[in-house]
Amino acid sequence: MNPFSFLIYDIKRLFGHGKTAILAIFSPVLILLLFATFLAPMLSAGEGTKITCAFLNEDETESVKTLMDLIIGAEIDEGAGAVYPVKDIATGKKVVEDGKVSAFFYIPPNMYEDTMNGEMVDLDFYYSQAHAFESLIFYSTVNSSMSVFGQGIRMVYIAGAIALDHGVPKEEILRLWNEGSEQLFQIYMNRGKIIGSSGIFLPGGDYPLRFAIAILFTICSYCVSFPIIYLTNSDVSVLYRKRNIPTEKLVGYYFARLLSGAVLILCTFAIMYPVARVIRNIRFQFALSVLPAVILTAFVFSALGIFLGSVFKKGQSSLWAGLYFGFFSVMSVLLLTKSPGLPKIVSFLIRISPFRACVSIFSNALFQNMTERYTVDMLILFAAFFIFAALSFVFYVRRGSRG
Amino acid sequence: MIEARNLVKKYGSFIAVNHLSLSLCTGETVVLLGPNGSGKSTLLGMLSLTSKPDEGEVTVDGLSGKNAKKKIAFAPQEIVLFEELTTMENLLSWSTLKGKEAKERAEYLISELDMDSFKKKRVDRLSGGQRRRVNLAVALMGNYDYILMDEPLAGIDDYGGKCIKNLLETEKEKGRGILFTEHNPTILLPLMDRKLTIDGGCFVS
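Going down the list, the protein sequences come from chains W and A. For what it's worth, the numbering used here labels the leading residue of the first sequence as 1, then goes sequentially. For what it's worth, the numbering used here labels the leading residue of the second sequence as 1, then goes sequentially.
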C-alpha cells in the first residue's frame, strides 16, 4: 500500500464515526457562538484585566501629555490599569525585571516635534515573559494610539503649512490646529461608536475577550484530539496486538495517524476561524500569521493525542489522562496570567508548555502580531512537536508490535 | 516448520498451557480440538507469536522474532478489523503485500470467499458470518508459509464453510502448513492430517 493510501484510509477511519467527527468539528462552533452571545458582552463590559505598567514621558509637549492622559487615564479611571511614573529608563527596566509591573513604556524627548516634521520616532516598550499576555494589550493600545496620533499630527501640520502658503493668519492656523488636535483625540478615543459602544474606547476591557478567544481556540483544537486518543488506543492496545503486524507497517500506520490527526484538527480550525472573525473583526494581514501557527498546533496536538493514546494500556486511562492534561494546562495558563509570584521552576515549566504557547500564539497572531513573541512561541511549538512525535512514535510502535 | 518446545503460559496462579510441545510442517494440516477453556486459543496465540510464553520457545524454520512473524498468517478468534473501512479497504490496509500484487490477492480472496457482494460495504454493517470471512481473508493478505486460525468456522453457515475449505485446500496444495482450532471441524475434516486434543493445558490425545 502506498503512503497516500495509508493517509486516505486513516482519514476515513478518523472521520468514519460520522457523529463523532461532526461533534468534534462542529461543537467548537457552538461553543464560540455561545461564548459570543453570552460571555463576550460580559467580558467586554466588565472591569477587564488589571494592567500595571511603568511609564516615562520625556516629551513635555502639552498635546502628548493630553493624549497619554486620555489613553492611560481612562484605563485607570475604569480600574483596568495602574500606571507608575518612573524617573529614568534604568528604573523602568528594573521594575519590569523585578516583576513589579507588567511593562514599561518610554516616550523620548521631541517626539511631538519629530512627528510633525515627518521623522521616524522610536518608542521603547519592555515587558516580562511572565506578563506577556497583559503586556500585549498595553503594547497594542499604545502602539495603535501613537500611530494614529502621529499620522494625524502630521496631517494637521501639512494642512497648517498649506494654509500659511495661502495667506491664512498664524493666529487662525493655531486656532484651527488646536481644534484639529482636540477633534483628533476625541474621534480616536471615542471610536467605539463605530461598533455601537459609547464612551471612551477601552482596549484594556477588550483584552480578556481576546485572551478568551485565544484560549477557546486552543481548548477546542485540543478537544478534537480526543477521537485521535481513542482510536489510537483501540488500535495499538487491541487490534494490532491480535494480528502479526510487521514494524514497517506500524511505522506507516503511525505517520498516517499523525497526518490524519492534524487534518482533523485543521478542519476544526477551518470552521472556527471564520466564526472568530465574525465575533471579533480580524485584520487580514494578521490572518496570514495565523496559518503557520494553526498548522503547527494541529501537528503538536495530533502527536500529543497519539502519545496519550499509546502510552496507556486501557482506552479509559488514555481518555482520562487527556482530560486531566487539558484541564491542568488550562489552569496553568490562567495561573500564569493571574499569579506572577509563582516559583521560578513552575513558572518556567508553564512558560515552555505547548498549551501556553498555543494560547499565546493565537492571542498574538489573531489580533496583534508581535514578531518576537510569535517567534518564541513557534519555537516552543516546534520543540513540543518533536518531543511528542518522538515519544509517540516509540510508544506506538512498541505497543503495537508487542506480542 | 513451526516448532514449539515446552510452552508454559500462566495467568496468575492458573496454568493455561502446561509444558506443551508440538510441530507443524509445511503442507500439513493439523486441527486442535478441546472444550472451552482448555487452552487452545492460548496455545495458538503463542504459536502465532502474538503472545509470549512464560516458559519455552517457538521457532519458525529456525527463526524467531520479527523474521519468524513474517512467515505466519494468523486469523484470531475475535473479529479484528478496521470497522470504519469497507471489505476491500480492510484487505488492502492490513496487507503486507504492495501495489498490484496486493490488489490481485485481494480480488482473489474476495472471489474465493464469495465476498463480492459486500466488498464495498463497511465491515461494521456486515453480518457476523460475513465479518468472519473478511477476518480470515485479512489474515491471508501476505506472503507466508503457515496459516494459523482460531475457530475459523464460528458463526459461518455451510456455504461459507465450503468456501473456506476450498480456499484452504488450495493453500495446502501450495505447500502451506495449516493449524486451526475448532469445536466441530466436520467441513474441514477432508483437509486434516493430524488431530490433537487439548484439555486443562495438556494434550490428551
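Rather than coming from a laboratory, the hints here were simulated on the basis of the structure. Here the structure is a predicted model, which means the values were calculated and not measured. Take these hints with a grain of salt, some might be off.
If you want the ones that stay clear, here's a sample from chain A, every Cβ over 10 angstroms from chain W, calculated [unchecked claim]:
1. GLY62
2. ALA73
3. GLU78
4. GLU84
5. ASP157
6. ASN166
Quick list of in silico lysine to aspartate or glutamate cross-link-like pairs, EDC-like style, CA-CA up to 16 angstroms [unchecked claim]:
7. LYS120(A) - GLU83(A)
8. LYS242(W) - ASP114(A)
9. LYS172(A) - ASP157(A)
10. LYS87(W) - GLU58(W)
11. LYS66(A) - ASP59(W)
12. LYS12(W) - ASP114(A)
13. LYS121(A) - GLU78(A)
14. LYS162(A) - ASP114(A)
15. LYS12(W) - GLU78(A)
16. LYS242(W) - ASP193(A)
All C-beta atoms in this analysis are idealised placements derived from N, C-alpha and C, irrespective of residue type, glycine included.
Point to revise | Indices of hints not satisfied (ascending) | key: 2, 3, 4, 8, 9, 11, 12, 13, 15 and 16
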